[in-house]
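Asks: These are the residues of each chain, in order.
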Amino acid sequence: MDNIIKKELDQELTIVSNEQIADKVFKMRLKGDTSLLTAPGQFINIKLTGFYLRRPISVSDYDSEGLTIIYKVVGQGTDLLSTMKAGEKLMCLMGLGNGFDTASCGTHVLLVGGGVGTPPMYGLAKELLKQGKKVTVVLGFNSVLDVFYDHEFRALAEEIPDNSIEVRVATVDGSFGTKGFVTDCLTGLDDITDYCACGPMPMLKALYRYYDQKKTGQLSFEERMGCGFGACVGCSISTNSGFKKVCKDGPVFSSDDVIL
Amino acid sequence: MADISTELSGIRLDNPIIPASGTFGFGAEFSHLYDINILGSFSFKGTTKEPRFGNPTPRIAECREGMINSVGLANPGIDKVISEELPALRKIFHKPIIANISGFSVDEYKYCCERINKEDQVEIIEVNISCPNVHAGGMAFGTSPEAAAEVTAAVKSVTDKPVYMKLSPNVTSITDIAKACEAAGADGISLINTLLGMRIDIRRGRPVIANKMGGFSGPAIFPVAVRMIYQVYDAVNIPIIGMGGVSTAEDVIEMMMAGASAVQVGAQNLVDPYACPKIIERLPILCKELKIEKITDIIGKAHG
Chain Z
72 MDNIIKKELD QELTIVSNEQ IADKVFKMRL KGDTSLLTAP GQFINIKLTG
122 FYLRRPISVS DYDSEGLTII YKVVGQGTDL LSTMKAGEKL MCLMGLGNGF
172 DTASCGTHVL LVGGGVGTPP MYGLAKELLK QGKKVTVVLG FNSVLDVFYD
222 HEFRALAEEI PDNSIEVRVA TVDGSFGTKG FVTDCLTGLD DITDYCACGP
272 MPMLKALYRY YDQKKTGQLS FEERMGCGFG ACVGCSISTN SGFKKVCKDG
322 PVFSSDDVIL
Chain R
50 MADISTELSG IRLDNPIIPA SGTFGFGAEF SHLYDINILG SFSFKGTTKE
100 PRFGNPTPRI AECREGMINS VGLANPGIDK VISEELPALR KIFHKPIIAN
150 ISGFSVDEYK YCCERINKED QVEIIEVNIS CPNVHAGGMA FGTSPEAAAE
200 VTAAVKSVTD KPVYMKLSPN VTSITDIAKA CEAAGADGIS LINTLLGMRI
250 DIRRGRPVIA NKMGGFSGPA IFPVAVRMIY QVYDAVNIPI IGMGGVSTAE
300 DVIEMMMAGA SAVQVGAQNL VDPYACPKII ERLPILCKEL KIEKITDIIG
350 KAHG
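Heads up: the protein sequence lines correspond to chains Z and R, in order. The first sequence runs 72 to 331 under the working numbering. The second sequence runs 50 to 353 under the working numbering.
Because the hints were derived from the structure by calculation, they are not lab data. Take the hints with a grain of salt, since some may be wrong.
[To be verified] Here are the simulated DSS-like cross-link-like pairs (lysine-lysine), alpha carbons at most 25 Å apart as the crow flies:
1) Lys319/Z to Lys129/R
2) Lys129/R to Lys315/Z
3) Lys160/Z to Lys77/Z
4) Lys140/R to Lys77/Z
5) Lys140/R to Lys167/R
6) Lys210/R to Lys77/Z
7) Lys144/R to Lys340/R
8) Lys77/Z to Lys167/R
9) Lys276/Z to Lys315/Z
10) Lys327/R to Lys118/Z
11) Lys143/Z to Lys160/Z
12) Lys78/Z to Lys144/R
13) Lys129/R to Lys160/Z
14) Lys319/Z to Lys140/R
15) Lys261/R to Lys315/Z
16) Lys337/R to Lys315/Z
17) Lys118/Z to Lys205/Z
18) Lys205/R to Lys228/R
19) Lys337/R to Lys350/R
20) Lys129/R to Lys228/R
21) Lys78/Z to Lys327/R
22) Lys350/R to Lys78/Z
23) Lys144/R to Lys210/R
24) Lys350/R to Lys340/R
25) Lys315/Z to Lys205/R
Computed from a predicted model, the values in this text were never measured in an experiment.
Throw the hints in and build the complete structure from the sequences for me.
Replies: Encoded structure:
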């Protein structure tokens, strides 16, 4: 079969750690072959024993040894995932989706993460800082119980000389940071060149309207998926340039292209 | 080494494995993963006269050992399929292909089949009659022998390639539908399409998919598919392409013993992109274990 297979999309990864970091939110470190990951904002599709469809989860960060995912328990599949232990193995379809186009980002990028849309922003922030760009991060959560990774984002700039990262946090109930939504944290940021966002659709819509085509954004969408790699056309959206598959043409789409 | 080649209406296939329409696009998502020329053939995405976005999302739901889809025949329309998809497909796949045609009126089926009939690489036309007839209150063509026969005859009148009618299982008597198609001139029967199913999200108290109901597929429907293939094999004298929850080489043998001459693999491609090469690799090994020298010897064997 070796001369038939051209690309090993389905990789076996080993769980290194799996810990709770917020209410129903877990961080899992996996080791294995990450060579198919090419950009922040891509995702993997995880096979779970006893469940038919795979679970598509964004990659938060990766290196040559492995990757980190941060996921919320929203159903039976993610519930099972949250109980898995170090040493257990998972088959994952790797490097799915287009990810964020960091080369096209300007000199001061606003990154917006809403709830469990936050994880891919971490790897994205890391990459942009490495490229010498200025990054401002705005995170929105429901309450202090849901907040995670604000320290980790702040720590990103510590190792990079002459660089800094500003992190603003909003909670809907005001129990941490600014009371309100991410759009309540955008004052004094008129000098951003562009923005990248990942989070619930109401948040993406609010940002899209706030910047009203004055700033271009890259928006990471989500949709219920079948295959996750473009075969079944289950996850389509309409865009200004036609029908697109969230799993393959996305999940990141330009604000110029989406219909919101 | 067991001979796993088979034949449909005089068309020789290297093996019985055919990815099912709607799970394999036009091959592009798989051709960079493995050499898709190892397949027997494949049935391309269901094509309609007009381009279609399909149904609103969400249009995928999970089931135990299966899934529901209400994709709704999302496709670029016959014009683009002929002008763009088929030339692109020709570059990556060099074997006979099965065209899958859907329609919402008899005229639409005729229009699309007449056009696809001119395409050289298409060697079988698979007609999906699980579509609603907009001229008959949305009743699916495949739910009545008369409507199924009408579509069959209409398509046969505009084509000279073998026509396989793809049947819906959501009927009282699958054999009545199959017999009506055969009498109207069908060259073969393809079955089963998806079962009509539904899931409800208990957290929201609403159906999971926007369309409320959709097509249930995957391993859970396999026994229904095997039963229907068995029944249709008894009822008609034309070849059968079997499908419905096939995920292993064992399933392929089982379906062929029920009466299938070739077997389509659908939902399994979604959860394991390498499903078909794995089955093709195992099939000769399994045949050897079961002392099957030529796979076509077992077609309909379960009928005794």
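Asks: If a hint holds in the structure, say so; if it does not, say that too.
Replies: Hints and how they fare:
no., hint, result
1, Lys319/Z to Lys129/R, "holds, 20 Å"
2, Lys129/R to Lys315/Z, "holds, 16 Å"
3, Lys160/Z to Lys77/Z, "holds, 23 Å"
4, Lys140/R to Lys77/Z, "holds, 17 Å"
5, Lys140/R to Lys167/R, "holds, 18 Å"
6, Lys210/R to Lys77/Z, "violated, 34 Å"
7, Lys144/R to Lys340/R, "violated, 29 Å"
8, Lys77/Z to Lys167/R, "violated, 33 Å"
9, Lys276/Z to Lys315/Z, "holds, 18 Å"
10, Lys327/R to Lys118/Z, "holds, 17 Å"
11, Lys143/Z to Lys160/Z, "holds, 19 Å"
12, Lys78/Z to Lys144/R, "holds, 22 Å"
13, Lys129/R to Lys160/Z, "violated, 43 Å"
14, Lys319/Z to Lys140/R, "holds, 21 Å"
15, Lys261/R to Lys315/Z, "holds, 23 Å"
16, Lys337/R to Lys315/Z, "violated, 45 Å"
17, Lys118/Z to Lys205/Z, "violated, 37 Å"
18, Lys205/R to Lys228/R, "holds, 16 Å"
19, Lys337/R to Lys350/R, "holds, 17 Å"
20, Lys129/R to Lys228/R, "violated, 34 Å"
21, Lys78/Z to Lys327/R, "holds, 14 Å"
22, Lys350/R to Lys78/Z, "violated, 38 Å"
23, Lys144/R to Lys210/R, "holds, 16 Å"
24, Lys350/R to Lys340/R, "holds, 14 Å"
25, Lys315/Z to Lys205/R, "violated, 35 Å"
Going down the numbered hints, you'll see the structure goes against 6, 7, 8, 13, 16, 17, 20, 22, 25, while the others check out.
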